[in-house]
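The listed protein sequences correspond, in order, to chains X and S.
Going from the first sequence to the working numbering is simple: count from 1 and add 86.
Going from the second sequence to the working numbering is simple: count from 1 and add 86.
Hints may contain errors.
To be verified - What the simulated footprint calls covered on chain X by chain S, stretch by stretch (three residues with Cβ under 8 Å from a Cβ of chain S suffice, anywhere in the stretch; the number is not a length):
hint, stretch
1, 134 to 142
2, 310 to 318
3, 362 to 373
If you are wondering where the hints come from, they were derived from the structure by calculation, not from laboratory data.
Where a beta carbon is used, it is the ideal one built from N, C-alpha and C, also for glycine.
2 protein chains.
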Amino acid sequence: MAEEYVVIQAEPLRAYAAQMLEGAGVSSERAAFIAHTLVEANLRGVDSHGVQLLNFYVEHMAMRCMDLETSGHVVTESGGTMTYSADNGIGQIVSDVCCDHVIRLAKEHGVSLVTVRDSNHFGAAAFWSQKIARAGLIGVSFCNATPLVPPWQGKEPRFGTNPICMALPGAAETSWLLDMATTTVAMGKIFKANFSGEPTIPAGWAFDSEGVPTTDTQKAIKGMPMPLGGYKGYGLAMMVEILVAVLSGGAMSTEVGGVRIRTRPMRCGQAFIGIDVARYMPLNEFHARMDWLTGNMKSTPPSAGFEEVLVAGEPEWRMARKRKVDGIPLAKGVWEELARTAAKVNVKAPQ
Amino acid sequence: MAEEYVVIQAEPLRAYAAQMLEGAGVSSERAAFIAHTLVEANLRGVDSHGVQLLNFYVEHMAMRCMDLETSGHVVTESGGTMTYSADNGIGQIVSDVCCDHVIRLAKEHGVSLVTVRDSNHFGAAAFWSQKIARAGLIGVSFCNATPLVPPWQGKEPRFGTNPICMALPGAAETSWLLDMATTTVAMGKIFKANFSGEPTIPAGWAFDSEGVPTTDTQKAIKGMPMPLGGYKGYGLAMMVEILVAVLSGGAMSTEVGGVRIRTRPMRCGQAFIGIDVARYMPLNEFHARMDWLTGNMKSTPPSAGFEEVLVAGEPEWRMARKRKVDGIPLAKGVWEELARTAAKVNVKAPQ
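With the hints as extra help, turn the sequences into a complete structure.
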């Protein structure tokens with residue numbers, strides 16, 4: 087069964103998203119910025135972190151589950167380190183401020199690490215690593231999230247998909263960009279297999295509800311995503327949890343709420359790292375070295391069944407070039423759900 | 087077929103290892119230190135990174151493939167950043183100096199990152215992260231290595247097993263320790279399956295020599311280890327390569343030699359990060375939070391077939407407690423190979 091799509095250009099999609107956010111009570115300046123971050127994810131083809139998040143955000147915001155006005159505050163700043171409290175502010179607004187801090191501190195001290203507590207969902211991590219990278223730094227970002235993933239050998243969720251994301255500065259910006267959940271695949275891929283009527287999913291994607299690895303789509307839907315490669319993904323998720331939650335003094339593991347939970351603040355954590363490349367070598371030299379390295383990857387003879395070797399970020403840049411011209415295809419189901427969300431805040435979907 | 091072991095206590099094993107290193111031309115002080123780092127890995131049960139490395143090291147050293155006297159030199163230092171040239175010195179000697187630098191710089195600036203070029207094999211990454219952690223910091227270490235692993239969709243090696251390692255300070259030291267290759271398993275596990283006569287290995291461990299995933303042990307032996315979880319492990323390996331090789335100005339990817347290659351220096355790279363936890367919160371608070379978090383993992387109900395949930399580092403601490411008392415069992419084949427290596431430098435194996 088072919089999926090139906092509504093195709094919309096980035097600009098009207100941004101305007102629509104901003105209207106919905108304003109309808110939920112967000113100031114117009116903030117709404118425009120948040121809409122921009124979401125549509126950037128759609129342009130890159132990362133639709134799970136694009137405007138479909140508004141179905142969660144808008145209701146959360148309209149019910150004042152988060153503080154729409156605050157920008158949070160600095161708890162401590164010392165050398166290249168900072169603890170920041172988001173004060174239950176909007177994840178994107180707070181992350182924007184914190185990335186400015188991480189940039190300033192890395193320029194002053196060479197390396198910086200800002201850890202953030204009591205925050206909300208910040209969208210795609212790539213947006214923030216790229217913001218840091220555009221200031222001439224290697225930008226790294228992490229976050230924790232609603233517990234969905236069990237520790238290895240366990241059968242109850244203790245972690246979010248706790249992503250690891252790194253972006254590169256200067257002309258190296260488009261040579262490589264890593265943004266990966268520490269699960270084998272995002273839960274969205276399992277939902278998609280279900281939606282498409284696939285009876286099975288590949289081994290290594292999911293557990294059933296008892297924590298037993300399964301390839302049965304129906305069992306996986308009721309189960310949990312698997313940490314990347316088993317115990318190693320569990321270790322990476324814990325590494326992220328330590329940097330964003332233990333170190334920030336914020337909510338850890340099962341203390342974190344969620345975008346579907348209305349009874350308590352989400353309280354997720356984020357961490358941002360900046361590394362001032364120019365202190366190691368001139369940026370153009372760094373770029374030339376990255377060119378050599380990605381060239382060395384891309385010239386690797388492809389294995390059977392593949393036509394080329396890619397580097398991280400490449401599929402998304404290709405997609406962005408295409409979608410900037412052709413527009414963004416949103417699944418009809420997503421579009422209709424967005425329209426229902428919009429209606430709740432008295433916004434009309436564009437034609 | 088049961089494997090036969092020679093069991094030896096840590097102290098005489100250290101002395102034996104040190105004698106072999108001295109036999110290869112290393113000063114007695116340096117030899118004792120390197121022997122200590124190797125036996126620490128054996129105590130933790132990480133035998134692949136213990137004294138069996140001497141079979142490579144000793145010949146390499148005796149042939150002066152590395153510089154046994156140098157400690158390398160600082161190329162640049164600025165804020166919390168440093169580029170260090172190992173000048174083809176011994177990996178453990180140079181890493182010890184660089185960890186001292188990373189500790190000093192993190193104490194001065196809060197966060198530090200030392201990247202190292204033209205180095206040699208540094209043993210287990212855990213030793214270095216733990217050294218940094220014992221100074222009250224979160225300690226992180228990375229390295230690249232001899233190309234063995236192909237990029238995803240490629241069929242020729244471009245990466246080492248490029249590990250990611252993080253250790254925690256103070257009383258949190260033994261609450262969690264991550265030290266993981268960015269491949270699904272170490273090549274040693276595939277060798278072991280072969281040695282034990284297992285016809286197949288689990289899916290996801292290896293490619294055949296054409297870069298096609300295989301579960302045939304014989305094809306895997308002639309093939310390549312698989313990046314952890316496929317394209318994500320490839321992304322993580324590249325992240326490591328950027329921090330240790332692109333940023334250091336050293337050898338990248340296929341430019342890196344190896345412990346089995348005698349015709350050119352290894353030129354591997356390392357990177358060390360220090361994060362001064364006390365600038366974020368008192369160390370005892372950090373420890374209490376880690377206790378809560380690891381407790382939250384360990385209290386997760388185990389899934390079918392498992393008796394408990396562990397945290398990273400726990401199997402190794404258990405092993406170390408046992409081996410400190412019972413001694414270190416070395417496979418008879420490893421012991422005999424060591425004896426042959428020792429004989430080459432006129433050292434007699436202990437009885």
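Hint by hint, where does the structure go against what was stated? Just the numbers, ascending.
Those not satisfied come down to hint 1.
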